[in-house]
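**Q** One-letter residues, chain by chain:
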Amino acid sequence: MLTDIIIVLSIMVLGIGIGLLIGNRPKTIKIIGVLTSFSIFLLLFLLGIGVGTNKQILNNLDSIGIQALILTIGAVLGSLICAYFTYILFFKKK
Amino acid sequence: MKGSLIILGFFILGLILGLTRFLPSSLLEGDFSIYALYLLMFLVGMGIGTDRGSWKVIREVNIKIILVPLSVIVGSLLGVSAVSALLSNIGIGEAMAVGAGFGYYSLSSVIITEFHSDTLGVIALLSNIIREILTLLATPLFVKYFGKLAGIASGGATAMDTTLPIIVRYSGKEYAIIAVFSGIVLTILVPVIIPIILKFV
Chain P
1 MLTDIIIVLS IMVLGIGIGL LIGNRPKTIK IIGVLTSFSI FLLLFLLGIG VGTNKQILNN
61 LDSIGIQALI LTIGAVLGSL ICAYFTYILF FKKK
Chain A
95 MKGSLIILGF FILGLILGLT RFLPSSLLEG DFSIYALYLL MFLVGMGIGT DRGSWKVIRE
155 VNIKIILVPL SVIVGSLLGV SAVSALLSNI GIGEAMAVGA GFGYYSLSSV IITEFHSDTL
215 GVIALLSNII REILTLLATP LFVKYFGKLA GIASGGATAM DTTLPIIVRY SGKEYAIIAV
275 FSGIVLTILV PVIIPIILKF V
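As they're listed, the protein sequences go chains P and A.
First residue of the first sequence: 1, per the numbering used here; consecutive thereafter.
First residue of the second sequence: 95, per the numbering used here; consecutive thereafter.
The shape of chain P in the complex, shown without the other chains (with noise of 0.2 Å):
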């Protein structure tokens, strides 16, 4: 799994070296985004794909959607206050 995760660095660290070297070309920079689309679009179907065939995932989807909005409430909870104090702190004029 390590490497996997090195390899995957590794490939964004050379896209963004190739990107750097390209630079701003407005129609690549317009090509990239497509097939960034659209290999998200592949990975998410995919997802739903190995979700659809999976007994596990489709007899919890509710406590899955439950979980989900929970973690999301502590996210942005701790976000929140954790930049309220940033905001008081060094942001706001006094």
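It is worth saying that the hints were derived from the structure and are not from the lab.
Treat the hints with care, as some may be off.
[As the list claims (entries may be wrong)] Chain A regions said to be covered by chain P (calculated; three or more residues, Cβ under 8 Å):
1) 142-151
2) 167-174
3) 205-215
4) 219-229
5) 250-262
Here the structure is a predicted model, which is why all the values come from computation and not from measurement.
Glycine included, every Cβ here is placed at the ideal spot set by N, Cα and C.
Given chain P's structure and the hints, the job is docking chain A onto it.
**A** What follows is chain A alone, placed relative to chain P:
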């Protein structure tokens, strides 16, 4: 918002095809999604590299601006860790992996699916989509009670694009650059932090 609906549409289409088994078995059993992930990561990298605007924003900002994405990271991870106590079948590490999506639902769900499980991938997808929707709906309220960084904090990685308009509307134009900066930093960190967290699960 339109983007989320399209992505959910593809997910649901896959779901229906999976349910009805209306697919050749090679597609159902073959695991080529890791290669699609490689392609996506390469494209995400190229997107970051070619985006001169982002690099310019990063070079120009005041040092204290780094505290904003840092607050989002610390707050999200502490927040999900706290609520994970309520969830019997989700460990603290798994909760942190979901929280480290920072609203970037497409990439976080895909990475978690590959490196952990389909179940946690779906939770990450839903949780981070809810984060974006909640930000779009509740930013006026958040700003009122938690200060002008609230929309940026709630939006996480989406503060640079989908939730930027609502943030600027309620926090003011002077917060636009902070929102974009925070969104960029978090977007870059999603594929770095999630695998690191999952390594320890």
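**Q** Check each numbered hint from earlier against the structure, then list the numbers of those it violates in ascending order.
**A** Failing hint: just 5.
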